[in-house]
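A.B. asks: Sequence:
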Amino acid sequence: MNTVSGVEHFWTQADLVIQLAAAVLLLMSVLSWYIIIGKAMAQWRYRRATARALKEFWQAESRSTALESIRAADGSGVFSGVATDAVLAAQAWEEQSAAGIGAGVDASEFIGRTLQQSIVFAQARVERGLTSLASVGATAPFVGLFGTVWGIYHALIALSGASQVVLDKVAGPVGEALIMTAAGLFVAIPAVLAYNAFTRANRLVLAQLDGFAHSLHAYLVAGVRLDRGGTVTPLRAMTRQPG
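Going by the working numbering, the residue at position 229 of the sequence shown is 229; the numbering climbs one at a time, nothing skipped.
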């Protein structure tokens with residue numbers, strides 16, 4: 001109850017500039033927590049579905065079955081998007097080569113370029129929202145500091161015409177102005193911590209995606225899968241099968 005009344009007193013005593021700065025900090029906090037919750041749920045989906053999606057993809061008996069399996073298991077859509085683009089590129093090359101149109105085009109280069117472009121889009125999808133978190137973490141303390149400086153300035157202006165300075169008259173406005181600094185830190189610290197945590201988690205996801213893309217490229221070009229450590233695993237079941 002005292003906290004609520006203290007906030008109400010701060011809001012009623014603050015001028016328009018302080019209120020605008022506080023509103024900006026509130027919007028920053030809402031935005032950052034919206035992104036944090038969304039990214040946390042996305043990371044949970046990545047960890048939950050990635051291993052199962054890749055396992056079902058490599059165990060499929062045909063390309064169409066593999067795509068259906070990874071689309072159903074990959075809740076994030078990151079790995080399934082890369083797999084779909086690569087398989088469609090391989091099918092397009094095979095169709096054009098059979099017709100004699102794309103006989104001069106190298107399959108490895110064509111599929112590799114498709115995978116590179118698809119990974120760029122997937123990376124942008126995985127890292128979506130991190131720029132906003134970084135911006136909130138970098139600017140929120142300065143917004144709070146601006147509110148503090150502005151509040152102290154107006155408190156001193158109000159006391160400049162007084163014949164006698166009373167400590168209570170200075171301590172109250174200055175203390176209320178310092179609330180803006182605390183508010184800025186309250187908004188910035190979760191955003192910075194979340195940005196660092198999600199950056200590290202995204203690095204792991206992108207490493208897994210890059211490994212999957214290399215294995216997928218080897219399979220679509222040579223019909224083999226490159227396992228971790230460079231082991232070559234033939235995939236005769238999926239190679240050369242229609243669909």
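These are computed hints drawn from the structure, not numbers from a lab.
Heads up, the beta-carbon is just placed ideally off N, CA and C, and yes, glycines get one too.
Check each hint, because a few of them may be wrong.
Derived Cβ-Cβ restraints for the label pairs, each shown as a range [said to hold, decoys possible]:
hint : residue 1 : residue 2 : range
1    : 214       : 30        : 24 to 32 angstroms
2    : 41        : 124       : 25 to 33 angstroms
3    : 135       : 214       : 41 to 49 angstroms
4    : 127       : 211       : 15 to 23 angstroms
5    : 214       : 142       : 40 to 48 angstroms
6    : 20        : 120       : 36 to 44 angstroms
7    : 30        : 125       : 17 to 25 angstroms
8    : 127       : 178       : 31 to 39 angstroms
In silico SDA-like cross-links for lysine to any residue, where the CA-CA straight-line distance does not exceed 20 angstroms [what the hints assert, rightly or not]:
hint : residue 1 : residue 2
9    : 55        : 193
10   : 55        : 156
11   : 55        : 210
12   : 55        : 67
13   : 55        : 40
14   : 55        : 192
15   : 55        : 65
16   : 55        : 75
17   : 55        : 77
18   : 55        : 68
A.B. asks: If a hint holds in the structure, say so; if it doesn't, say that too.
C.D. replies: Comparing the hints with the structure gives:
{"no.": "1", "hint": "214 to 30: 24 to 32 angstroms", "in the structure": "41 angstroms, violated"}
{"no.": "2", "hint": "41 to 124: 25 to 33 angstroms", "in the structure": "18 angstroms, violated"}
{"no.": "3", "hint": "135 to 214: 41 to 49 angstroms", "in the structure": "34 angstroms, violated"}
{"no.": "4", "hint": "127 to 211: 15 to 23 angstroms", "in the structure": "18 angstroms, holds"}
{"no.": "5", "hint": "214 to 142: 40 to 48 angstroms", "in the structure": "44 angstroms, holds"}
{"no.": "6", "hint": "20 to 120: 36 to 44 angstroms", "in the structure": "39 angstroms, holds"}
{"no.": "7", "hint": "30 to 125: 17 to 25 angstroms", "in the structure": "23 angstroms, holds"}
{"no.": "8", "hint": "127 to 178: 31 to 39 angstroms", "in the structure": "36 angstroms, holds"}
{"no.": "9", "hint": "55 to 193", "in the structure": "33 angstroms, violated"}
{"no.": "10", "hint": "55 to 156", "in the structure": "68 angstroms, violated"}
{"no.": "11", "hint": "55 to 210", "in the structure": "16 angstroms, holds"}
{"no.": "12", "hint": "55 to 67", "in the structure": "12 angstroms, holds"}
{"no.": "13", "hint": "55 to 40", "in the structure": "24 angstroms, violated"}
{"no.": "14", "hint": "55 to 192", "in the structure": "35 angstroms, violated"}
{"no.": "15", "hint": "55 to 65", "in the structure": "13 angstroms, holds"}
{"no.": "16", "hint": "55 to 75", "in the structure": "14 angstroms, holds"}
{"no.": "17", "hint": "55 to 77", "in the structure": "15 angstroms, holds"}
{"no.": "18", "hint": "55 to 68", "in the structure": "13 angstroms, holds"}
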